[in-house]
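Colleague: The whole structure should be built from the sequences, with the hints applied where relevant.
Everything in the sequence shown is counted per full-length UniProt numbering, starting at 1 for the first residue and increasing by one.
In short, the hints are calculated from the structure, not lab data. Check before you lean on any hint, since a few could be wrong.
Said to hold, decoys possible - Listed below are the simulated PhoX-like cross-link pairs for lysine-lysine, each with C-alpha atoms no more than 25 Å apart in a straight line:
| no. | residue 1 | residue 2 |
| --- | --- | --- |
| 1 | Lys177 | Lys235 |
| 2 | Lys34 | Lys235 |
| 3 | Lys237 | Lys177 |
| 4 | Lys34 | Lys237 |
| 5 | Lys12 | Lys235 |
| 6 | Lys177 | Lys12 |
Quick caveat: nothing in here was measured; it's all calculated off a predicted structure.
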Amino acid sequence: MFLMNFNEEQAKELIDLIDRDYALFNTLPPSHRKIIAAAVRTNRIYAERCWAVFVMFSVMTFPAMAVVQNVYSYSFAAEPVRHMVHDVPIPFAEPEARLRSPQFELFFAYMTYCATLYVVNFTGYDGFFGLCINHACLKMALYCRAMEDAMCSREDQLGGRVRSVIEGQCDLFRFVKLVQGVFNTWLGIILVATMIQICTCMYHITEGYEFDMRYLVFVIATVVHIYLPCRYSSKLKNMSTETATLLYCCGWEGVPEERMRRVLLFMIARAQQPTEIIAFNIFVFDMELFVSILQTSYSMYTLLRS
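Modeller: Written out as structure tokens, the structure reads:
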């Protein structure tokens with residue numbers, strides 16, 4: 001929540017840029033709109049709906065199971081036992097004080113309210129990262145397609161079209177730099193938090209505690225939570241290097257003007273440098289980092305067991 005407010009202006013700038021791009025997309029030819037439609041469909045299914053459902057299921061498992069356990073206990077048990085959403089003691093109070101009225105009802109309502117806030121924040125801020133990365137990949141696909149169209153255009157239109165493609169590539173780099181600024185600290189925090197959470201939850205599940213479905217769900221949610229940023233960042237990195245091949249295959253062989261060929265060489269050379277998302281300006285987010293996080297978490301887990 002702090003990061004959402006701290007990066008409010010930059011995040012608003014990202015939203016404005018995306019809105020501006022989609023307004024311009026309405027003027028593009030049908031071949032470009034097919035690419036846009038596919039990207040929009042992917043965003044709606046995975047970055048919005050599936051992510052929102054997953055977050056809601058992962059977070060609301062705790063209050064939902066507490067409600068079910070309380071209803072079952074008071075309906076069928078001879079001596080009912082109260083179950084909290086998160087079973088934590090009240091500071092400077094007796095351990096059983098948390099189960100007495102009205103403390104129990106107040107804490108139960110407060111924790112359910114917090115869970116609702118978690119759903120809103122995780123769905124919004126974390127999901128926004130996926131939308132931004134997918135939009136950056138869409139911009140790459142569009143300016144590569146625009147270069148193909150430029151190479152097939154008339155000679156008097158060639159210069160202007162190539163210039164617009166160069167502007168599109170530069171605009172992409174500015175957009176990714178802004179994404180990096182908004183999510184830099186957040187990525188570093190979830191990197192560290194994930195390793196700790198996976199390790200400690202596995203220890204609680206396997207060592208001396210009763211099996212609890214809630215914590216199993218939480219471990220899975222934690223793994224997915226770090227997998228998706230790594231997957232999105234890897235997608236951006238791969239797409240950025242693939243644009244070099246797409247630009248090379250744009251049909252430059254049929255353009256006799258040497259100046260346009262030299263311009264294309266510069267664009268290909270720039271595209272060969274991977275566009276990466278970096279956490280804390282140190283850790284490059286990709287699938288290799290995801291594997292490394294799991295290995296480190298398991299190493300910490302085995303250390304705790306020993």
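Colleague: Hint check: Lys34 vs Lys237, CA-CA at most 25 Å. Holds or violated?
Modeller: holds (23 Å)
Colleague: For the pair supplied as a hint, Lys237 and Lys177, confirm whether the alpha-carbon distance does not exceed 25 Å.
Modeller: Holds: Lys237 and Lys177 sit about 13 Å apart, inside 25 Å.
Colleague: Taking only the CA atoms, is the gap from Lys177 to Lys12 under or equal to 25 Å?
Modeller: holds (14 Å)
Colleague: Run the distance test for Lys177 versus Lys235: straight-line Cα separation, threshold 25 Å.
Modeller: The given pair, whose Cα atoms are some 16 Å apart, holds under the 25 Å limit.
Colleague: Sort out whether Lys235 lies within 25 Å of Lys34, counting only the CA atoms.
Modeller: Given that 25 Å is the threshold and the Cα spacing comes to 20 Å, the pair holds.
Colleague: Is Lys12 within 25 Å of Lys235, Cα to Cα?
Modeller: With a Cα-Cα distance of about 24 Å, the restraint between Lys12 and Lys235 holds, given a limit of 25 Å.
The structure fails none of the hints (numbered hints given earlier).
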